[in-house]
Amino acid sequence: MTANELVWRIAGGSGDGIDSTSQNFAKALMRSGLCVFTHRHYPSRIRGGHTYVEVRAGEDEVKSRGDGYNFLLALGDSFARNPKEEAYYGNEEVKPLSENLDELREGGVIVYDEGLLDGDEVADLDERAEENGWHVYPLDLRGMAREHGREVMRNTAGVGATCALIGMDLEPIETLMEERMSGDILEQNIEILRMARDQVAEMDHDHDVSVPTGSHDEDQVLVSGSTGVAYAALDEGCRFIAGYPMTPWTEVFTIMSQNLPDVGGISEQVEDEIAAAALALGASHAGVKAMSGSSGGGFALMSEPLGLAEMTETPVVLVEAMRAGPSTGMPTKPEQADLEHVLYTSQGDSHRVVFAPGNAKEAYDQTRKAFQIAYDYQLPAIVLYDQKLSGELVNVDESFFDREPNPSLGAVLSEDEIEDAAHHASGKFQRYRHDPENGVSPRTIPGQVGGRFLASGNEHTPEGHISEDPHNRIMQVERRNRKLESIRADLDGRENSNQTLHDPTDGDAEYGIITFGSQQGTVEEATDRLVEAGHDVKALGVSDLAPYPEDEVAAFLESVDECLVVEMNSTAQFRGLTQKELGRFGEKLTSLLKYNGNPFEPRDIVEGFEAAIDGGDTPDENTRLVRAAGD
Amino acid sequence: MSAFSAIGEDREIDQNEYTPGIEPQATWCPGCGDFGVLKALKGAMADVGRSPEEIMLVTGIGCSGKLSSYFESYGYHSIHGRSLPVARAAKLANPGLEVVAAGGDGDGYGIGGNHFMHTARENHDMVYIVFNNEIFGLTKGQTSPTSPKGHKSKTQPHGSAKDPIRPLSMSLSAGASYIARTAAVNPNQAKEIIAEAIEHDGFAHIDFLTQCPTWNKDAKQYVPYTDIQQSEDHEFDITDRREAGEAMYEAETALHEGEVLTGRFYQDDRPSYGQEKRSLGEMPEEPLAERYHDADYEWERSYDLLDRHK
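For the record, the sequence lines run as chains A and B.
No gaps in the numbering here: position 412 of the first sequence is 412 in our numbering, and each next residue is one more.
With positions in the second sequence counted from 1, the corresponding number in our numbering is that position plus 1000.
For reference, chain B alone in the conformation it holds in the complex (with noise of 0.2 Å):
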């Protein structure tokens, strides 16, 4: 008997069951993309049938970091930037649970950036949402990662001299085996994706496009998009790296020029970090956190250790 009971239940979901009783507008403005993350993640945990129990969601600091707060869950609310070695530290003491990280583009690509490109490269089994709003909104609009190059803002008041972050190719080259872009202004797309991103078996990166209507004031900035599975102007193998990897270059660069490319651009079934760890013998069989609760394991002791020191 499992000491974890809501892991593995098998029962019909209803979204309500994500919803605390506590409202977002509390933080979010209106208008707000984060508005289209939390309904799309709501609509996927429910469709591939996860109770609220047996996920643990970890969220960064800023606009994007409240999302636990109005998603109910096991959660994790954590500090800037660190919210991936908090949720895949949580994977592998549990692989039974259903691990979702979440933070925005200054969290995840800036001060989180080093945590993130390890974390895509070890393939941790976990999905990695970034809500990029190409500015830092709760400390009121400074410039971020994805900002465009030549955007003024009150710390950059020339405009910025760097060029953006691209965040797919960055995932692509750290090792993530699935990547994808999808936006708060297509719902439908983001719940599918969000959905085949808890099924993948391995780090899942979604780079969710969400308009700031406060401090990124074109308020519309995602519309019109194109999904690139159905764009006859897109075809390319997302299981190949080199096609996918032109792909989301083009992506990248067409942001910026006003054409907004969404939809799955990578996917490879290479064993994820905890296949891997076990196929090694580095990780137990069994769920770690289990171990604690079953009352007729027996502790191995330091003191059969003691023959090498004699």
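Just chain A, same shape as in the assembly (with noise of 0.2 Å):
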């Protein structure tokens, strides 16, 4: 990041028309030609509530959230809709400005609606104001709405005024509403955007928040981890999902059900998510690449499917969109202590592999790996992400989409391959044969002549029969054993490593930092901070947790004395899942946990890595060192 950046916040109540409102903020800086990024806080309400969403645009590459932001755009009012005095807690009408001071930056710039905020309702905001040098412009964005069309506008009006005082052109914003609007609400809203804009022109600004000036070398689209998820799963000949509706994994389930009926595939909302897993394992069964998915809470119900698919050999991709627990925990939170329970669920010595992708483009990139490894190898597959990943866009290149489709089933015989294949004495099918070295033994679908078996959850014979014979249980298991050892060699063996280096030092660093899944960006950010901080520090973002990059990470953690392990989550799960793998490296890991429902900053990191290797504990409250054993 260059440290000409603009992070505009806009903040108001759930139903203000925050996210749309930012997704075309966002749009409209990324067609500037700027890098962007987006990060979303909202409460488990429909209105009212509060909530913001932080647009951090600069010329190069935005890996996070960064730390605060310089731009406050506050909006109302439905904090005032709900007339039950008792639904109230706090002075809900004046927390878009109330609730987003502490986080902005000096020297930082404040609009708010007039209209519907009364400034003077907020403590000390102008001592504060004076204080840290921020510049404050009230304006009736209402009255702007209202004057020329309809009060909802006047989000609108907000984004006027910010590109007035950023020095933004309007032309992006103006070509946007022409492709989603027309008639009288276009005209209307062009008006009222000129009308701030004009109105906030006329007024004295000496403020130092500019829009950064970037252009890309090629054509960009916005895009979410859902969008990277879902669109993966496309390419991949992925034409039935099955769900049951659960923040954030609803993302995923949306984009998919909007997508399918147009390429001829099925999707399906069915009454709960134990039903959704095991409609995705008939869809499977019968020929057809399937996923499903859920949060935590509807994951549990799944671990029951998740077996049968591992028993029966049935290929399945889950995803699993973590948000913070137990139970319902805070559904619109992100966190990262589903690892476990993703790892570990479900009966038995059974099998799953999961990725946990750190970027977008990583959730494109491992679905896409995840399809292939669950249909090669008959096996469940998980990608884990979080909250945070599911929503929050990037630019990213379109010429990363462009590539090719691949829908191969993996390991299934064809009618005609089924007569040469290994047949027992009786002419039977041997659907789940001992002997393969792979452990994969290749499958036949129903309707197909010869190939007919049965698919059990029961332990079971070559044939598929129901078996408690202890020779066929040994060659069983360690057939299925096999798999994954198979998996491992082949993941291994791919060009691209699902693990992330970041090395700003080339080499030579005395530290390290290690973290899984959506953290990726932000680590490489403090990283980088460390670096020219002075610290000799690089990061490895870790994607495959099962089965474990032993050797990569391994090979990483050797070559440092000292690593710092960073997870949203208070029992250091992903340090525990490092540990127990490689077996050793406990005297070197100390962990920094962040579990109260945001995720890491830049700083976040950088002030722990510092506590880690001075001593002391961590400055902030809000996220906590976890000495190692050897300290």
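It is possible that part of the hints are untrue.
Claimed, not checked - Calculated cross-link-like contacts (lysine to aspartate or glutamate; reagent style EDC-like; alpha-carbon spacing at most 16 Å): (1) B:K1039 / B:E1023; (2) B:K1277 / B:E1122; (3) B:K1162 / B:E1023; (4) B:K1039 / B:E1009; (5) B:K1152 / B:D1163; (6) B:K1220 / B:E1192; (7) A:K580 / A:E550; (8) B:K1310 / A:D217; (9) B:K1039 / B:E1259; (10) B:K1310 / A:D397; (11) B:K1310 / A:E174; (12) B:K1149 / B:E1023; (13) A:K580 / A:D551; (14) B:K1039 / B:D1010; (15) A:K361 / A:E398; (16) A:K361 / A:E61; (17) B:K1310 / A:D614; (18) A:K580 / A:E340; (19) B:K1220 / B:E1259; (20) B:K1310 / A:D551; (21) B:K1149 / B:E1252; (22) B:K1152 / B:D1201; (23) B:K1310 / A:E550; (24) B:K1149 / B:D1163; (25) A:K361 / A:E419; (26) B:K1310 / A:E179; (27) B:K1310 / A:E178; (28) B:K1310 / A:E340; (29) B:K1277 / B:D1201; (30) B:K1277 / A:E59.
Hints are computed from structural coordinates only; laboratory data are not their basis.
These two chains come separately, so use the hints to put the complex back together.
This is how it looks when you write it as structure tokens:
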């Protein structure tokens, strides 16, 4: 990130149009040639409740939300709409202003809608503005919206004011409006946009916040982690999804449901998550690439069909979009505490493959790999990500998605091949043969001549019949275990590792930081800052969680003296996994944990790292250090 | 050329083709009603001419769940209560398959009750056979959702305080489009009803009374029976929801008073779920599963969807 950056926060109540306005603003910035990244904060409420979205824009790639922000657009009034007094807590009417000031950087800009928000009701706003050098612009955004259209268009007035204050051309915003509106609505919005811009242009302003300049080499698209997951599924030939709504998994489910019918696929919203995963198994068994998914609570219900998939060797991809738990937890807040749940749920020695992408591009790449591994090896593969990655928008080169589809069903025999395949003496197809070296016994699809078999959740013979014979049991268990070894070798042998090394020191680092999943970009930004500040540090984002990438992580840990493990949970689950899988390095690993419902910011990691090497605690109550066992 | 040449194949089927090289006596006790289901299923499939390779039989867990081991076809022996979601997705993925799900009364009306309700409501084109012996058999004789009130078992030693489930009425109100009750002691009727259920386009639910001679000691509990279609005392229109509902209520009450009424209770010809989905454009006309075997099929790419993200 260059020093010149815009971090624009639009705040209000749920229902104020915060999300759609911020998406359009982000897109307009992207079309202006900038790199963008959005961060969403919202409560589990339909209307009201404090919500905001940050759009961070700069000339170079933006990997995280950054620390704090420098422009606040505060809107109202969904808070005031509920006529029941007791539904309020605190002074909700001024929350868009009062709740957002702590993170506003020195010299920052505030625009608020004085048509709905009373600045005088915010305790010490003037004092704090003075102290921090904030520039405050009360504007009657509601009045402007009313005058030329309807009250709901006050967002447009806010965007017009923003453009005037940061010196941004209105053209990209107007073009976006023309693309999605027409008639009176379009005219009114453009009128309001320009009116607000003109009104601000007449005011005096001497702040330093401005729109950066940037220019992409390639055409850009604005996508989220969920877009990455869903588009990867489509490109892998997945044409069946079954699900039950649950935040934040719903985003993948929605994207798939909106696109599948157009490509001749099937989407099913069903009665519960047990059914959802079982439907995916039924479709997959019948010869269609299928997926399901949920968030923690729904995934808990899926542990039953998950085990069934493993025992019957039915390929399936499940998505687990983590949010803060246990139980219902904080439904709209990110956490990475379902790691052990996803790795170990289900009875017996059951196996699944787990990928945890670190950003939207990896969400695409690794979901494609999840389908390939699931179908090639006939077992469940899970894409584990979280509320942060699911909804954050980032610009990606359009060409990134220009890939060939891969509808292969993996180890499936055609009818011609069945004739030549291994049969036992009675002529029955041996679906679960003991002997394949990589553990994978080719399957057949119902309806094919000659391939009849029974897929059973009970232990079974090579023909699929239920069996408790000890010899057969050992052969089947060992064959299923062999698949995992083959998958590890397969993943290690591929050209692009799923682990992402970020090493600004070119190999000389004394210290390391490892993380998994959605914290990768934030860790990379923090690493760059630490190197700039004179530390020798490099980072590794781990995405293969099962089977664990032992060689790559061990090599990284051997090359450093100490290592910080960054994860969003309170029990250091990823550090625990790393120590368990590698069986050493316990003395090198210090955990930096955050579990307050917000993802790490780069400064959390910078401060945590410095505390870890200098001794002492993290200066911020929101994060916690857990020292290495050797300390 | 279809990738699944067993589907729609027109030939004489010998019942023995459905017999695998494994004997049901391995699990089922002498005199068990489950033998009757197996026999009726084989007879019905042969009568309607479905070959073993175009049938997908999905079962749950328990004595009834072993049906897929003793019936030769493509089979999926799933988990307790979950046969229906597996089965209905298979039917959506490849509507050419003849999909049959089967399970016990605990499986279908207890743990899988939610799936039963929704599968009936959606009217998936499949057959669902519930082995109803009013007891948990394989776990050794506990009270089930269909056990009569007052039924004593190891887990309810003072007798069950619960009224039993009314499976036929439940099925009707949930939305099944074909509902019948038959009994293992009535093999000809059972075979005819299963055959009719297979030919029915929609969700066909058969409450199949299967005596449990081991845990429900009265092995002849479903004898004598009355076939309602043959009885002058039970005349009603099976396409009339209200009349069917009354007949079901009567049959369910009578069962626990010692009178066994079997036969067809309800039938309507509303479109199946697959037909509804196709007419809305939410499901392809051709079987989805075929597409993966068509080398000439041009797969759509996500790249074509990027315009909305620019």
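Do the hints match the structure? See the list:
1. B:K1039 / B:E1023: Holds: B:K1039 and B:E1023 sit about 13 Å apart, inside 16 Å.
2. B:K1277 / B:E1122: holds, 10 Å
3. B:K1162 / B:E1023: violated, 37 Å
4. B:K1039 / B:E1009: violated, 23 Å
5. B:K1152 / B:D1163: Holds, because 13 Å separates the two Cα atoms, which is no more than 16 Å.
6. B:K1220 / B:E1192: violated, 22 Å
7. A:K580 / A:E550: holds, 11 Å
8. B:K1310 / A:D217: Holds: B:K1310 and A:D217 sit about 14 Å apart, inside 16 Å.
9. B:K1039 / B:E1259: Roughly 24 Å between the alpha carbons, so the hint for B:K1039 and B:E1259 is violated.
10. B:K1310 / A:D397: Roughly 10 Å separates the two Cα atoms, so the pair holds.
11. B:K1310 / A:E174: Holds, at roughly 15 Å.
12. B:K1149 / B:E1023: violated, 35 Å
13. A:K580 / A:D551: Measuring from Cα to Cα gives roughly 14 Å; hence the hint holds.
14. B:K1039 / B:D1010: Violated. B:K1039 to B:D1010 sits at ~22 Å, over the 16 Å cutoff.
15. A:K361 / A:E398: holds, 11 Å
16. A:K361 / A:E61: holds, 13 Å
17. B:K1310 / A:D614: violated, 46 Å
18. A:K580 / A:E340: holds, 12 Å
19. B:K1220 / B:E1259: holds, 12 Å
20. B:K1310 / A:D551: Not satisfied, since the Cα-Cα distance of roughly 40 Å exceeds 16 Å.
21. B:K1149 / B:E1252: Holds. B:K1149 to B:E1252 sits at ~13 Å (cutoff 16 Å).
22. B:K1152 / B:D1201: Since the Cα atoms of B:K1152 and B:D1201 sit roughly 40 Å apart, the hinted pair is violated (cutoff 16 Å).
23. B:K1310 / A:E550: violated, 39 Å
24. B:K1149 / B:D1163: Holds, because 5 Å separates the two Cα atoms, which is no more than 16 Å.
25. A:K361 / A:E419: violated, 42 Å
26. B:K1310 / A:E179: holds, 11 Å
27. B:K1310 / A:E178: holds, 14 Å
28. B:K1310 / A:E340: violated, 38 Å
29. B:K1277 / B:D1201: It holds: about 14 Å lies between the C-alpha atoms, which stays within 16 Å.
30. B:K1277 / A:E59: Not OK: B:K1277 and A:E59 at ~48 Å, beyond 16 Å, violated.
Comparing the model with each earlier hint shows violations of hints 3, 4, 6, 9, 12, 14, 17, 20, 22, 23, 25, 28 and 30; every other hint is respected.
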